[in-house]
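Participant: Sequence:
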Amino acid sequence: MNGRRSRMPALVALLAAGSALAACGVREPVATGAAPATPSESADALAQRIAGFDLDFTVLYRPDDPQMAQRPAGIKGVAYNVATWRAFDPARADLVAEKRDEATHGDGFDDRILAAKAEARSADYFNAGEPVAMKPVSVRREGNRLIATYPTDPRFTLTAEVDLAATPYPLLSWKLDAKTPGYFSVGYTGAPDVGAAQASEIWQPLIWQEKRIPDRSYLTLAYRATLPTTMVRQGDTGFAAIAHPGEFPFQPLPLADNSRFGVAVRGSDGSASPMIFAPVMGGAGSKLASGTSTQFRAYLVRDKAEELTQLYEKLARNVYGFRNFRSNAVGSLNTTFDRMVDYSMSSYARWIAELKGSSYSTDVPGAVKNVSSLNPFELALVTDRPGMFEDRVIPYVEYMLSREKFLFSLDPEQKIQNPSRALLGPTAPISELATLYAVLGRRNPALLDLAKREYAGSRTRNLDVAEQGKTWENALSLYEATGDRAMLATAVAGADRYLAKRVETQQTEFKDASFFFWPAFVPDFVDLYRLYEASGEKRFLAAARLGARRYTMFTWMAPAIPDGNVTVNPGGKAPVYWYLKSKGHKPMSAPQEEVPAWRLSEWGLTPESSGTSTGHRAIFMANFAPWMLRIAADTGDKLLHDVARSAVIGRYRNFPGYHINTARTTIYEGADYPLNEHEKLSVNSFHYNHIWPMATMLLDYLLADASARSKGQIDFPSQFIEAYAYLQNGFYGYAPGRFYGDSGVHLWMPKGLLTRFHPELNYVAGYRGDALYLALANQSDKPVTGAIEVDPARVTAAGPLRVIALSREGSAALANGQVTVTVPAGGQVALRIDGLRAKTSIDRAGLEKPGTPVRNDSAELAAGDARAYLLDFGSFGRRGYVYLRDDDRKVKSATLRYRDGKTWKSLTDANFPFEFSVPRQHGQSLRFTLSVDAAGGGTVTSPETVLGE
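Residue numbers (our numbering): 354 to 1302.
Please note: incorrect hints may appear among the correct ones.
Under the rule of at most 27 Å between Cα atoms (straight-line distance), these lysine-lysine pairs were calculated in the BS3-like manner [what the hints assert, rightly or not]: (1) K934 / K768; (2) K1243 / K1255; (3) K1033 / K936; (4) K470 / K452; (5) K429 / K488.
These are computed hints drawn from the structure, not numbers from a lab.
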């Protein structure tokens, strides 16, 4: 029992009508020297601040070690670990052993949790010790303070008081003095009780939102609370009990071992009520000797809220100080972007050419993983790197067409994360096939045919999650690629059903998605925003905004950031991530230094997922940020804007690895941090397939920021990159856009285009004819004035130089051959420099307009169950791609004979996977035969096949 069924009258009654507490027969002594209350501090006004709250507590006690440990919760449909304890009442031990599957191995999956036994344990916090209900026997008022006294108990003494006039909310303080040794936890359980059926909305970090009330009284430890509270809304009023920032230190990095408190929302009777417990049974500070004490502070919150993200934002800003605070302290995001793209093509990025994929050995030894060919394709276009197209884009596209799943392993015995060894593609999602079809000028009917075929079926592309083809999101992708209005109508109709079922109806269970990555827990704001852009229907924008705001509840808003500096890398060594330490990785050298605390904050970032949130505190992959910027620009939502900036700006100078996990450090800020062999990296994990979508995210962010600051006057057309999990972004560079009043501007961001510019400026660049376009966005809270210089190797003089300011704010001028700009704090200056012609390496003209479709561009062959494609990449030429679906159990080797001009050439592949890539010129066909030597003997040769005629 938590002692909450029969409360004393709520405190608002005790403070009513002039003589506070008198109506309850409780004496209210006058404090000596207390100042009289002003009219604004009248009893009624103060009472209203805590209407519905009592001063009830539940103290948990046990003499023996409760042996706190995290275990799988066993929630159907959700991978999630929770704190558990050796059951105080063994008859109520409720933890059931979970059968571990092969998907839960690798980085983020903690064997200490997942492989441990359930034993006689309980995840119900009220069974972590003996619950002792503590209700005040008296409450007196001293000025603006309420002071409660409690029944005597032979094991402890409890005192509590509330400062009614504290800001931003009434402040509750309590203290427990131990009379006998043992383990103690003091829980505030006096917030308003709301029956599960009467609750309009609840929230408990990390996974419980809407009306998904926990099935037990789980306790969320402080280090997994994105905001250290739980919340309940009834009608338009929200309630919370949130830890005072002083109780949640910034340093050291919050972890399970140093979590001093926890929060819960489900009472022992199943009702919903914000609760906070400190210390945590078996956790830091819970073991008390006789004569010692523990104390804690929390704000009691009653506030208006039409939905709980509003209260979440208020508490984040007003209690924990969340704000738009980051700047380019470590350098311009453009410089980071350039380095990251360079890194993606280096040997350190661990591209395995013979397997056409990025090494995934961090998790799955010997495996490779790719998630979208569109990432390197976009980067090749925008950064003007034709070599990247040949070395990465072509093999990536071939991989996505042929492989059955994103994760490919040659080892048939490998089970970790459910890889595939089969060439039973396409693993490319419908949206990727559609986008490729669109950005390649609708020249490749086979890509559209594959997309339509996948739309009619289903496929498992990642882990063991089956994806249905015929969804409104996929219908939208087909519309974007083809312009087929019937597909748009299908998407709108499907989305309206989705709104009714998923957005307008509060969810009560985990049944509407496959729950692991955070996008599954909230309305699909990315695709809803895409549909808004396609249809112009505001209801989809409103739903996207709600989904994005709910997503912010997975972003860190705590601990509060202290003023001043923090010391990191003590002794000249960076922290070692436990997972890599278990694999033998050694500490990395990093200078001990003092840096501003804000640079190290996790604000705005999310844990990776529900299943790995115990170890992955904050991941740098913030692909949600550009979408939030765009939704914020269209709705004026400041929370979304500030979260997006917090997630991206001023964090790293190169690819930073995956996550913050063990201790605060600056090592992942370094430009050379990823330039190490895999075995030398020990601070965080590296998933090399992430490099491409992260670089794409940075580009997407730069464009979203420029568009928002220009109020939509900088706008480039885009298609959709779905990839998987949370890696969604826009695809740019295939067609020209608009720069203020100028249309036909090509997005162009080659490495080092600007050789001189202020590091607080991020920029977007483009060209048209003999003009270069720039938009320079100031990321600081101070005006920036400085010169900019264009790399002369990137441009050719094409007449007299002239600088035209396109934006109204700030200034841009040309004097003595030098361009100088002044950009207001948080502002943007857009300009055009006439007289400069871009020296481009990639001809965009082959992509921006629909071309002639390739005739007869695919074939199925009986020999080796092969598939053949002739892909037209516009200005990049054509590519013949032939692969065998049969593997080395059936095939010994395969030989492709193809016509090259007047001669025939041969390629032989004696190793699985059996595949052939044949360059073709513009308009050139592919004439070939395929011979397959069977593993058991004999050869089968296909008839001569011609593609492209």
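Participant: Determine for every hint whether it applies to the structure shown.
Facilitator: Here is what the structure says about each hint:
Between K934 and K768 the CA atoms are separated by roughly 23 Å; this keeps the pair inside 27 Å, and the hint holds. Of the pairs offered as hints, the one joining K1243 and K1255 is violated, with about 33 Å between alpha carbons and a cut-off of 27 Å exceeded. Annotation: proposed proximity of K1033 to K936 holds, straight-line Cα distance about 11 Å (limit 27 Å). Restraint check for K470 and K452: the C-alpha separation of about 11 Å stays at or below 27 Å, so the hint holds.
With a CA separation close to 36 Å, the supplied pair K429 and K488 exceeds the 27 Å bound.
Of the numbered hints stated above, those contradicted by the structure are hints 2, 5, listed in ascending order.
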